[in-house]
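Following the hints, put chain B in place on chain A, whose structure we already have.
Take a look at the letters that make up each chain.
Protein chains: 2
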Amino acid sequence: MLFSIDRSLKTSIQQQLRTKIVSSVIDGQLVPGALLPSTRSLSRQLGISRTTVVIVYESLVEDGFLIAADRSGFKVNPDYPAEPSSSGPVLNDAVVVNWPSRFAKRPGKQANISKPADWQSYPYPFVYGQPDPALFPLPAWRECSRQAMSELAMRDWSSDAIAQDDPLLVHEIKTKLLPRRGIFVSEDNILITAGAQNALYLIAAQLVEKGLKVGMEEPGYPDARNIFDLNGADIEPLPLDEEGALYTNGAAACSFLFVTPGHNAPTTIPMTEERRLEFISKARQFDQILIEDDYECEAGYLDRPLPALKSLDTEGRVIYVGSLSKSIFPGLRLGYIVGDRQLIDELRALRRLMMRHAPSNNQRTTSLFISQGHHDTYIRKLNRIYKARRLMMINALDKYLPGMRQGSNFGGTSFWLKGPDGSDSRVLAREALKNGIVIEPGFPHFLDPRKHLNYFRLGFSSIADKKIPEGIRELAALLKL
Amino acid sequence: MLFSIDRSLKTSIQQQLRTKIVSSVIDGQLVPGALLPSTRSLSRQLGISRTTVVIVYESLVEDGFLIAADRSGFKVNPDYPAEPSSSGPVLNDAVVVNWPSRFAKRPGKQANISKPADWQSYPYPFVYGQPDPALFPLPAWRECSRQAMSELAMRDWSSDAIAQDDPLLVHEIKTKLLPRRGIFVSEDNILITAGAQNALYLIAAQLVEKGLKVGMEEPGYPDARNIFDLNGADIEPLPLDEEGALYTNGAAACSFLFVTPGHNAPTTIPMTEERRLEFISKARQFDQILIEDDYECEAGYLDRPLPALKSLDTEGRVIYVGSLSKSIFPGLRLGYIVGDRQLIDELRALRRLMMRHAPSNNQRTTSLFISQGHHDTYIRKLNRIYKARRLMMINALDKYLPGMRQGSNFGGTSFWLKGPDGSDSRVLAREALKNGIVIEPGFPHFLDPRKHLNYFRLGFSSIADKKIPEGIRELAALLKL
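If you read the sequences in order, they're chains A and B. First residue of the first sequence? That's 1 in this note's numbering, and the numbers climb one at a time after it. First residue of the second sequence? That's 1001 in this note's numbering, and the numbers climb one at a time after it.
Same shape as in the complex, but just chain A (with noise of 0.2 Å):
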């Protein structure tokens, strides 16, 4: 029997039926002309309802898969497009080609922060950066999504802009983001991207050249750090204390400083007012850019979060990276970058070469999502989920791992913890998850990885509130063995 509904599923019978049927047309499987099982004998061989085959089988007439033979039976449609000869070979990677030599870069080889793929399944996913997708408010996304794909509205963005941002989104982030960070500047200074790792990609491709200095912070984001080795730059660390980066002698031979003061990734220690008017003051000195990425802006629910680093900036020397992804939904890839105008056209111009812009789709409804209130009341619900989570978090880590937790006033959603000397964070992750427990190495956060391997990062995004003490004190339990 070609056709088999699977009632496990979640999609629908009505698609189930019209998806196998399409295919079956498509591969060749049903050639052109091949009469289709009558709806009175489908519907009793799947168990389903005659109306829904008789639905499925008019919708594919309609659409030119199936015509309707004698006495109400169905038939491929005979004029269906031929199939193209299936003659082309099946491509085995053969080893002929020495791919290796020809490769310009090899962002395969460097060290970066990975994660089981089917984290999602594990007990007790202390992940960073993946917010729990039942906390996401879909039915307002939804809403949105359908005003964007009206009709009147899809002609304004289903074209191809080409180098243009969707103005109802740039003017939300003018008007309602930027605002609460004390940024005020005008559209022609801000460009969206596909997420604020591409904002950072941006920049650097066009900005760094080889063999030019760029500071950042020791711990820092290793993506940050790989975008810029990637385009040839020397990686100057800046250590960190508890106000935040140092600027050092080191720091003043940059041409770039790449700093995240909101709340330095991975520790989340904020840098103090005192330290951003010594950056902003010695990078004038010095005429060095900063690069600010204020990620996760939104999750500073403690002490009031100080404004961005790009507030004290009178001379355009800060550009300015946030995101989209992070506060709506990582698999959204929207983020955006805030500098002078002459930057801010120049990285267009790379961006049109780069992708065009980032789907107009999403653009609109994401526009739509914060103008009607929505972004706002989510980032309130997730803050106060959060806040109640992070001292549970504290509880269960003063318990079973005192001393461990790196403090910090900001919120957010991770902590940072020194495991013992001597300890290997890679093997705790190992066998943490053979424990149904997933935890970030910590290593490739920092410069010289071999010298920090006691180091990892539990996030709190995703785990269930009463799976926390229990999840950490079989950690600790391993971390004792």
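Worth flagging that the hints you see were computed from the coordinates, not collected in a lab. Among the clues, some could well be false.
To be verified - Once the Cα atoms are required to be at most 30 Å apart in a straight line, the calculated DSSO-like pairs of lysine-lysine come out as:
1) A/LYS20 - B/LYS1176
2) B/LYS1466 - A/LYS174
3) A/LYS105 - B/LYS1174
4) B/LYS1109 - A/LYS210
5) B/LYS1176 - A/LYS381
6) B/LYS1174 - A/LYS210
7) A/LYS213 - B/LYS1020
8) B/LYS1075 - B/LYS1109
9) B/LYS1213 - A/LYS210
10) B/LYS1213 - A/LYS109
Said to hold, decoys possible - Over the 10 Å line for every Cβ pair with chain B, so calculated as not near, a few chain A residues:
11) THR272
12) GLU274
13) ARG275
14) ASP398
Unchecked claim - Label-pair ranges, simulated between beta-carbon atoms:
15) A/GLU151 - B/PRO1167: 27 to 33 Å
16) A/GLY211 - B/GLN1120: 42 to 48 Å
17) A/ALA464 - B/GLN1120: 45 to 51 Å
18) A/ASP465 - B/ARG1142: 50 to 56 Å
19) B/GLU1062 - A/GLU151: 27 to 33 Å
20) B/PRO1167 - A/ASN112: 18 to 24 Å
21) B/GLN1120 - A/GLU209: 37 to 43 Å
22) A/ALA464 - B/GLU1209: 47 to 53 Å
23) A/ALA104 - B/PRO1402: 27 to 33 Å
24) B/GLN1120 - A/ALA104: 36 to 42 Å
25) B/GLU1151 - A/ASP465: 19 to 25 Å
26) A/PRO167 - B/PRO1402: 41 to 47 Å
All values reported here derive from a predicted model rather than from experimental measurement. Positions of the beta carbon are idealized from the N, C-alpha and C atoms, including for glycine.
The following block gives chain B in isolation, referenced to the frame of chain A:
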């Protein structure tokens, strides 16, 4: 009055009112604790139903923007997060930083195709690559989007997939799209990109180094030339004859050859089978990599198109680039690369740094759109329309601009025209625009634009049938001036 309703807008009254109240709360015009107009008075003032006002107020209570006050009034939630100081400086683009001296590249200075941003408002839009939004099967796309956004499906894709693609979309490409082009590969040979342009950018960033020679058709796709150029390549022009690009002596010295064998961009001339075999065998002889952009392959509605060049490749020397934006809607930005596994692995790592992945909601919606046959139905519908429109174009061109169009038996959505010697298509485009006619000057398609100012392109995917003869007649009149 704070709120007003504009009945001429396409957004609903409810949505307009909600958006306005949210904005006023967020930007502090309505301060925490402020009393809102009563539902009765607001409905009277705005001339809308009281129920609408009640619905909006209540949804805002639910979302924490408002609270219910005494005697059925509504107030701004006094706990609404106090506004951050708006004390930051307004960023003026101070000429302090010498930005141009800091640019590692100047993408903004490259020659490229341009069209007026408001081309949709002109009566004769002979633009290329922008399908008519009125033809798009909006209900089918909406239904797929709805299915992709169901709660269960969303759990699959709302997380950041880091480096992975939606397996359902990869499956559809592998089983439905590639076999039609004679390509049979495994999932590991496929990488999803943010459009075909992004595919070319990734390939160039991964493989091209300063001083390497890249051959490409002359005329050819300007964005590809700009991408290779930006990565430091020396461009070697491959002249065209009626069989497609020529494999010249210069071609033999190249590391990479970029070709559009399906139909040359912009002339629409397909490469013959003999010529394809020559490229494959020479590439083997000189150990070269061929980059095949199979753009608009679905629009080969005249003679049956040849399978892709990739289908002749037994050594993994051909990197194949396909697009989904062209055949669904250009603003979607989805494409794919097919290549050797070693190359795909490295490109995946590079894409992880550049943007992680294409937005996962769009990947899922697109996979459903293909699997349920809507993609096929849409392409068949477009091709019927394009076929008829192409004949109208030929009739009008042969009547009013005889001898100017370059022949091709592919189909497609445009004509390439050679204007009179000495004519300047930039001047023609400018004059045409004044008369409501949008055309594309052809010179950016050439390595040396100055010698080819008389070429131009007329697209016919966005222009209404009945406008064609009139538009061409007017254009011809301008050319005779």
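- Please name the hints from earlier in the document that this structure breaks, with their numbers sorted from lowest to highest. 2, 5, 6, 7, 8, 18 and 23
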